[in-house]
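A.B. asks: What follows is each chain in one-letter form.
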Amino acid sequence: MALITCNEVSLAYEGKTVASNITFSIEEGDYLCIVGENGSGKSTLIKGLLGLKQPSSGSILPGDGLKQNQIGYLPQQTPIQRDFPATVYEVVLSGCLNRCGLRPFYRKNEKQLAQRNMERLGILPIASRCYRELSGGQQQRVLLARALCATRKLLLLDEPAAGLDPIVTSELYDLVQTVNREDHISIVMVSHDIKSAVSHASHILHLAHTPLFFGTTGDYLKSEPGRLFLGGPHGTESL
Amino acid sequence: MEQNLFDQLKELLSYSFILRSLAAGILIALCASLLGVILVLKRYSMIGDGLSHVGFGALAVAAAMNAAPLQVAIPVVVIAAFFLLRISESGKLKGDAAIALISSGSLAIGVMVVSVTSGMNTDLMNYLFGSILAISRSDLLLSAGLCLIVLILYLCFYNKLFAVTFDETFARATGIKAGFYNMLIAFLTAITVVLGMRMVGALLISSLIIFPSLTAMRLCKRFRTVVIASAVISVGCFLVGMFASYRYNTPAGATIVVCNLILFALFSIIGLFVRRS
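Protein sequences, first through last, are from chains U and C. Residues in the first sequence are numbered consecutively from 1, following our numbering. Residues in the second sequence are numbered consecutively from 1, following our numbering.
Hints may be right or wrong, so weigh each one.
[Unchecked claim] Covered stretches of chain C, going by a simulated chain U footprint (3 or more residues, C-beta under 8 Å):
{"hint": "1", "stretch": "44-56"}
{"hint": "2", "stretch": "63-73"}
{"hint": "3", "stretch": "169-177"}
[As the list claims (entries may be wrong)] Computed cross-link-like contacts, BS3-like style, restricted to lysine-lysine with a CA-CA straight-line distance of at most 25 Å:
{"hint": "4", "chain 1": "C", "residue 1": "LYS221", "chain 2": "U", "residue 2": "LYS53"}
{"hint": "5", "chain 1": "C", "residue 1": "LYS177", "chain 2": "U", "residue 2": "LYS47"}
{"hint": "6", "chain 1": "C", "residue 1": "LYS221", "chain 2": "U", "residue 2": "LYS108"}
{"hint": "7", "chain 1": "U", "residue 1": "LYS67", "chain 2": "U", "residue 2": "LYS53"}
{"hint": "8", "chain 1": "U", "residue 1": "LYS67", "chain 2": "U", "residue 2": "LYS16"}
{"hint": "9", "chain 1": "U", "residue 1": "LYS53", "chain 2": "U", "residue 2": "LYS153"}
{"hint": "10", "chain 1": "C", "residue 1": "LYS221", "chain 2": "C", "residue 2": "LYS42"}
{"hint": "11", "chain 1": "U", "residue 1": "LYS111", "chain 2": "U", "residue 2": "LYS153"}
{"hint": "12", "chain 1": "U", "residue 1": "LYS195", "chain 2": "U", "residue 2": "LYS222"}
{"hint": "13", "chain 1": "U", "residue 1": "LYS53", "chain 2": "C", "residue 2": "LYS42"}
{"hint": "14", "chain 1": "U", "residue 1": "LYS153", "chain 2": "C", "residue 2": "LYS177"}
{"hint": "15", "chain 1": "C", "residue 1": "LYS221", "chain 2": "U", "residue 2": "LYS111"}
{"hint": "16", "chain 1": "U", "residue 1": "LYS16", "chain 2": "U", "residue 2": "LYS53"}
{"hint": "17", "chain 1": "U", "residue 1": "LYS108", "chain 2": "U", "residue 2": "LYS195"}
{"hint": "18", "chain 1": "U", "residue 1": "LYS111", "chain 2": "C", "residue 2": "LYS177"}
{"hint": "19", "chain 1": "U", "residue 1": "LYS153", "chain 2": "U", "residue 2": "LYS67"}
{"hint": "20", "chain 1": "C", "residue 1": "LYS42", "chain 2": "U", "residue 2": "LYS47"}
{"hint": "21", "chain 1": "U", "residue 1": "LYS108", "chain 2": "C", "residue 2": "LYS177"}
{"hint": "22", "chain 1": "U", "residue 1": "LYS108", "chain 2": "U", "residue 2": "LYS153"}
{"hint": "23", "chain 1": "C", "residue 1": "LYS221", "chain 2": "U", "residue 2": "LYS67"}
Everything labelled a hint here was simulated from the structure, so no lab data went into it. Built from N, CA and C at the ideal position, the CB exists for glycine as well.
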């Protein structure tokens, strides 16, 4: 049984279809990268997987007892967060909220979880700094720590590398890989950094409003859309 | 004939109607400032302003029908709050334009009803410009009860309200019922706005909600500190404003708002220096 199964899914914005005929599934332990041009429906699909957006046709079904509060999410940054008076610790801890249910306050083990994830991302020294005063890269790490606090089975990341410098980006990819391999958490990542995608992911979904390819990374490198997207028939050799 | 401050304060506290209005005022100031932090950060400040005009319209109609003002105004304003929330969430209508439409529309209805019936009576004037000193014993009990409900709900859902305010998409994605908490915020705001109208009047109530949290945000960088500071600022400005209005014989509502304004300017200047150094 897969964690999430998409069957003939179409997604629309105000009556306009942005992605259609999407059929794929995410198994436990998978690392799926969704690639494609800007505006090809990648972020919309993520919203569909999160249940923030209902498909206009087809079905998105959770399996393996996957519940909404076991999913972590790293959204693209919105302007409202940029001037918010909150400390790093407050933001990270809010990721634990989906473990609380109706309980109004955090337990000790949830506070420890927030501490551990801050340590893991190297933001423990800035725990009491204000979120709005951090650099873009630091803010992204804070949001990733928050997402890790919320994650128990599945982690979805929407363009995590947007606006980051190359060193921070490669650190971020390594960390996601560790989370996938050591904590056995399934990953779904939207990216237009195709080179990093094929070097980390186990599966690739290539979207251009409809799926051009879905399968393992190895097969993708040999496939027609994969070769074209990576830059011609010899693109794979440069890896 | 200049009395000294201490004697004047003692004299002030010897009146039971002043003690009563101080008790009600502190509770309302507390509610307004706590909710204000969320409303300002969620970009909902204008909803508070719109609701006060709806409240005035409802009170005018209540006065025309000889009905109890608060009992009519509260349900009407709660419904208006849900409606305004729905408008600003759906994004189909331009949110700010819709709020302006509703607030000026209900103000116009209120004024029409007043002119057709009795004319401006004192009760209505009280709600337009605030008359914390005219609060009756039964009003005090109702206000205090509602304020306590607002405070308890706020404390119980503090962490959820923070999460929904900071990042609603993330909260929704991870299984928090954000829609419910938005409704809760709208509900609590509606009650606070109606109660606050008694204190500073329909025209000034939104300043009571917005000023303390904006002032706190000039200097504080932690969400919890902002919440606490904004509560302290709000209650402090209320007490100072009440006393100043007694000493200088100025209207209580406006004096409280001016206190808030002065403190805001002060914090802004200090904030500038802190940031520079």
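A.B. asks: Take the hints in turn and mark each one as holding or not.
C.D. replies: The hints, checked one at a time:
1. 44-56: violated (count 0)
2. 63-73: violated (count 0)
3. 169-177: With 8 residues in contact (Cβ-Cβ under 8 Å with chain U), the coverage given for the stretch 169-177 of chain C holds.
4. LYS221(C) x LYS53(U): violated, 34 Å
5. LYS177(C) x LYS47(U): holds, 16 Å
6. LYS221(C) x LYS108(U): holds, 24 Å
7. LYS67(U) x LYS53(U): holds, 16 Å
8. LYS67(U) x LYS16(U): violated, 29 Å
9. LYS53(U) x LYS153(U): holds, 20 Å
10. LYS221(C) x LYS42(C): This hinted pair holds, its Cα atoms lying about 17 Å apart.
11. LYS111(U) x LYS153(U): This hinted pair holds, its Cα atoms lying about 20 Å apart.
12. LYS195(U) x LYS222(U): It holds: about 14 Å lies between the C-alpha atoms, which stays within 25 Å.
13. LYS53(U) x LYS42(C): Answer holds: LYS53(U) to LYS42(C) is near 21 Å, not above 25 Å.
14. LYS153(U) x LYS177(C): holds, 20 Å
15. LYS221(C) x LYS111(U): holds, 20 Å
16. LYS16(U) x LYS53(U): holds, 14 Å
17. LYS108(U) x LYS195(U): violated, 41 Å
18. LYS111(U) x LYS177(C): holds, 22 Å
19. LYS153(U) x LYS67(U): holds, 9 Å
20. LYS42(C) x LYS47(U): holds, 21 Å
21. LYS108(U) x LYS177(C): Given pair LYS108(U), LYS177(C) holds - Cα atoms ~24 Å apart, limit 25 Å.
22. LYS108(U) x LYS153(U): Holds, because 22 Å separates the two Cα atoms, which is no more than 25 Å.
23. LYS221(C) x LYS67(U): Between LYS221(C) and LYS67(U) the Cα gap is close to 34 Å, so the pair fails against 25 Å, i.e. violated.
Consistency with the previously given hints fails for numbers 1, 2, 4, 8, 17 and 23, ordered from lowest to highest.
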